Amino acid sequence: EAAVRSPVMKKYHDLGTPENVLPLNKLKGMPTRNLKQTSFEDAQRISGESFAENYLGRRLACSHCPVGCIHLAALREPSEREPYFYKTSMICYDYEPIYALGSLLGGSDPAGLLRLMDAVETYGLDAMSAGVALAWATEAMERGIISAKETAGVELKWGGYPGYLKAVQLIVDQPNEFYQALAKGVDAASAKYGGADFALAFGGNEMSGYHTGPAAHLTHLTGSRHSHLDSAGYSLDQKALSEGEMLKPQPMAEALIKEERWRQVLSSLVVCFFARGIYTPAVTLKALQTAGFNLTPGDLTRLSAEILAAKYAFKRREGFSLDSLRIPKRILETPARLGPVSETFLREALTAFAALCESANERTRE
Numbered sequence: 081e082a083a084v085r086s087p088v089m090k091k092y093h094d095l096g097t098p099e100n101v102l103p104l105n106k107l108k109g110m111p112t113r114n115l116k117q118t119s120f121e122d123a124q125r126i127s128g129e130s131f132a133e134n135y136l137g138r139r140l141a142c143s144h145c146p147v148g149c150i151h152l153a154a155l156r157e158p159s160e161r162e163p164y165f166y167k168t169s170m171i172c173y174d175y176e177p178i179y180a181l182g183s184l185l186g187g188s189d190p191a192g193l194l195r196l197m198d199a200v201e202t203y204g205l206d207a208m209s210a211g212v213a214l215a216w217a218t219e220a221m222e223r224g225i226i227s228a229k230e231t232a233g234v235e236l237k238w239g240g241y242p243g244y245l246k247a248v249q250l251i252v253d254q255p256n257e258f259y260q261a262l263a264k265g266v267d268a269a270s271a272k273y274g275g276a277d278f279a280l281a282f283g284g285n286e287m288s289g290y291h292t293g294p295a296a297h298l299t300h301l302t303g304s305r306h307s308h309l310d311s312a313g314y315s316l317d318q319k320a321l322s323e324g325e326m327l328k329p330q331p332m333a334e335a336l337i338k339e340e341r342w343r344q345v346l347s348s349l350v351v352c353f354f355a356r357g358i359y360t361p362a363v364t365l366k367a368l369q370t371a372g373f374n375l376t377p378g379d380l381t382r383l384s385a386e387i388l389a390a391k392y393a394f395k396r397r398e399g400f401s402l403d404s405l406r407i408p409k410r411i412l413e414t415p416a417r418l419g420p421v422s423e424t425f426l427r428e429a430l431t432a433f434a435a436l437c438e439s440a441n442e443r444t445r446e
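The sequence shown runs 81 to 446 under our numbering.
Hints listed in this document are in silico derivations from the structure and should not be mistaken for laboratory results. Bear in mind the structure is a predicted one, so any value in this text is a computation, not a measurement. Check the hints yourself; a few may be wrong.
Computed Cβ-Cβ distance ranges for the label pairs, DEER-style [what the hints assert, rightly or not]:
#1 G233 to P361: 19 to 27 Å
#2 K237 to R139: 30 to 38 Å
#3 R356 to E201: 32 to 40 Å
#4 S348 to I407: 27 to 35 Å
#5 E386 to V350: 12 to 20 Å
#6 Q124 to A154: 19 to 27 Å
#7 E201 to P255: 15 to 23 Å
With a straight-line Cα cutoff of 35 Å, these simulated DSBU-like cross-link-like pairs (lysine-lysine) come out [said to hold, decoys possible]:
#8 K319 to K395
#9 K229 to K395
#10 K90 to K167
#11 K391 to K272
#12 K106 to K237
#13 K366 to K167
#14 K116 to K91
#15 K246 to K272
#16 K229 to K246
#17 K338 to K319
#18 K272 to K229
#19 K167 to K91
#20 K91 to K409
#21 K108 to K319
#22 K272 to K108
#23 K246 to K106
#24 K91 to K391
#25 K90 to K319
#26 K338 to K91
#27 K366 to K116
#28 K116 to K328
#29 K366 to K90
#30 K116 to K246
#31 K391 to K409
#32 K91 to K272
#33 K391 to K338
#34 K90 to K328
#35 K229 to K319
#36 K90 to K272
#37 K106 to K338
#38 K395 to K272
#39 K116 to K106
Idealized CB from N, CA, C, for every residue including glycine.
Using the sequences and the accompanying hints, generate a full structural model.
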């Protein structure tokens, strides 16, 4: 009952994560045209509501899950060779691919967006990394940093899906130095060609679809995977919007590390993060009891801290340092709904987060 009808799960059951498009766009938190903008004038055309009404062909669920959050679009296209022959492709769509291959590229054609999603999936690329790479390349071409010589004659322009489809194939084929660099991500491409200020990557991982405020980007920076799902900073930003007060750097760092620690428990138990609102510590303990694990809330707190500390110990061993993280200037230049994101604020929070990690590491060694 809670998985299907509770307020925390209803959106996944109904429209799926694409339900986020219109609310985030209204909040001016949806990166558009490589984050030159925070809202997309054609968001309605690529919204969850629009896809459900015009393209939804099937819904699926993971084994034994009642939610059915997997939404597949049916894209019916005529044959190029014979009349009355059609090909129907079933294409999975979610908020992040819609952001990365839609608004971030200034793309408002739903069919073109679905074709690009399908190509990215077929080639085995990461949708967010591919979208951010294409957005960087589009702006680089717009600024004259690269030309048709680098792109092998492909014209990259906002919303130009024919060009993006060709570019995605060239990222896979890598016919020249430009596409070889772009295939490694925007950090590598911007290091070679310039344009690092608008290369949207954190710790080598391309940006997710949230420009809601400082907490979202601190998650990008501090998360053990540099993923928005590590500690969901965007939720802290949205809470600040509703309450009218933003956390200071120290308490923000504490809130993020607390959330990421708890998510170590959920991921270790293979709990879907979409169901995190259902699997409270109390419910998690009851679930563990059914498998013969009689743990206490204190046990979960200790184990979660130890797991995250182990992850960070591995990262440090491999040369990672929070102090050396690059902060893309674009996230500082384009104001979020809460106002401009301050690099000073981010650096203070990073320092606080590093101290919390070190303290946890010392306790683990003891």
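The hints, checked one at a time:
Between G233 and P361 the beta carbon distance is about 57 Å. The supplied range of 19 to 27 Å is therefore violated. About 34 Å separates the C-beta atoms of K237 and R139, a value consistent with the hinted range of 30 to 38 Å. Taken as a hint, the range 32 to 40 Å is violated for the pair R356 and E201, whose Cβ atoms sit roughly 26 Å apart. In this structure, S348 and I407 meet the distance hint of 27 to 35 Å, their C-beta atoms being roughly 31 Å apart.
Separation of E386 from V350 is about 18 Å and conforms to the stated range, judged on CB atoms against 12 to 20 Å. Take Q124 and A154: their Cβ atoms lie about 20 Å apart, and the range 19 to 27 Å holds. With their beta carbons about 22 Å apart, E201 and P255 fall inside the hinted range of 15 to 23 Å. Taking the CA atoms of K319 and K395, the gap is near 30 Å; set against the 35 Å cutoff, the hint holds.
Restraint check: the Cα-Cα separation between K229 and K395 comes to about 38 Å, which exceeds 35 Å; the hinted pair is violated. A threshold of 35 Å between alpha carbons decides the hint, and for K90 with K167 the separation of about 33 Å falls inside it, so the pair holds. Among the hinted pairs, K391 with K272 is consistent with the structure: their alpha-carbon atoms are about 30 Å apart, no more than 35 Å. Of the pairs offered as hints, the one joining K106 and K237 holds, with about 25 Å between alpha carbons and a cut-off of 35 Å not exceeded.
Taking the CA atoms of K366 and K167, the gap is about 49 Å. The hint is violated against a cut of 35 Å. A hinted pair counts as satisfied when its Cα atoms are at most 35 Å apart, and K116 with K91 qualifies at roughly 29 Å. Proximity of K246 to K272 is assessed by CA-CA distance (about 22 Å); at most 35 Å being required, the pair is judged to hold. Among the hinted pairs, K229 with K246 is consistent with the structure: their alpha-carbon atoms are about 15 Å apart, no more than 35 Å.
Annotation: proposed proximity of K338 to K319 holds, straight-line Cα distance about 16 Å (limit 35 Å). The suggested pairing of K272 with K229 holds, with an alpha-carbon distance near 15 Å, which does not exceed 35 Å. For a cut-off of 35 Å, the pair hint linking K167 to K91 stands: about 30 Å separates their Cα positions. Only pairs whose Cα atoms come within 35 Å are accepted, and K91 paired with K409 is accepted, the gap being roughly 33 Å.
Taking the CA atoms of K108 and K319, the gap is about 15 Å. The hint holds against a cut of 35 Å. Only pairs whose Cα atoms come within 35 Å are accepted, and K272 paired with K108 is accepted, the gap being roughly 32 Å. Between K246 and K106 the alpha-carbon distance is near 32 Å, which keeps this suggested pair within the 35 Å criterion. Only pairs whose Cα atoms come within 35 Å are accepted, and K91 paired with K391 is accepted, the gap being roughly 32 Å.
A distance of roughly 20 Å separates the Cα atoms of K90 and K319; the hinted pair therefore holds under the 35 Å criterion. In summary, the hint linking K338 to K91 is supported, as the alpha carbons are separated by about 25 Å, within the 35 Å threshold. Restraint check for K366 and K116: the C-alpha separation of about 47 Å exceeds 35 Å, so the hint is violated. A threshold of 35 Å between alpha carbons decides the hint, and for K116 with K328 the separation of about 26 Å falls inside it, so the pair holds.
Of the pairs offered as hints, the one joining K366 and K90 holds, with about 23 Å between alpha carbons and a cut-off of 35 Å not exceeded. Annotation: proposed proximity of K116 to K246 holds, straight-line Cα distance about 24 Å (limit 35 Å). Between the alpha carbons of K391 and K409 the distance comes to roughly 28 Å, so the proposed pair stays at or under 35 Å and holds. Taken as a hint, the K91 and K272 pair is broken in the structure, with Cα atoms around 42 Å apart against an allowance of 35 Å.
The suggested pairing of K391 with K338 holds, with an alpha-carbon distance near 15 Å, which does not exceed 35 Å. A C-alpha spacing of about 32 Å is found between K90 and K328, which places the hinted pair at or below 35 Å, so the restraint holds. The hinted pair formed by K229 and K319 fails the criterion: a straight-line CA distance of about 47 Å is larger than 35 Å. At most 35 Å may separate the alpha-carbon atoms for a hinted pair to count; K90 and K272 exceed this at roughly 45 Å.
The straight-line distance between the Cα atoms of K106 and K338 is roughly 29 Å, inside the 35 Å bound, and the hint therefore holds. Of the supplied pair hints, the one linking K395 and K272 holds, its CA atoms being roughly 25 Å apart against a limit of 35 Å. Distance check on the hinted pair: K116 and K106 sit about 16 Å apart at the alpha-carbon level, within 35 Å; holds.
Consistency with the previously given hints fails for numbers 1, 3, 9, 13, 27, 32, 35, 36, ordered from lowest to highest.
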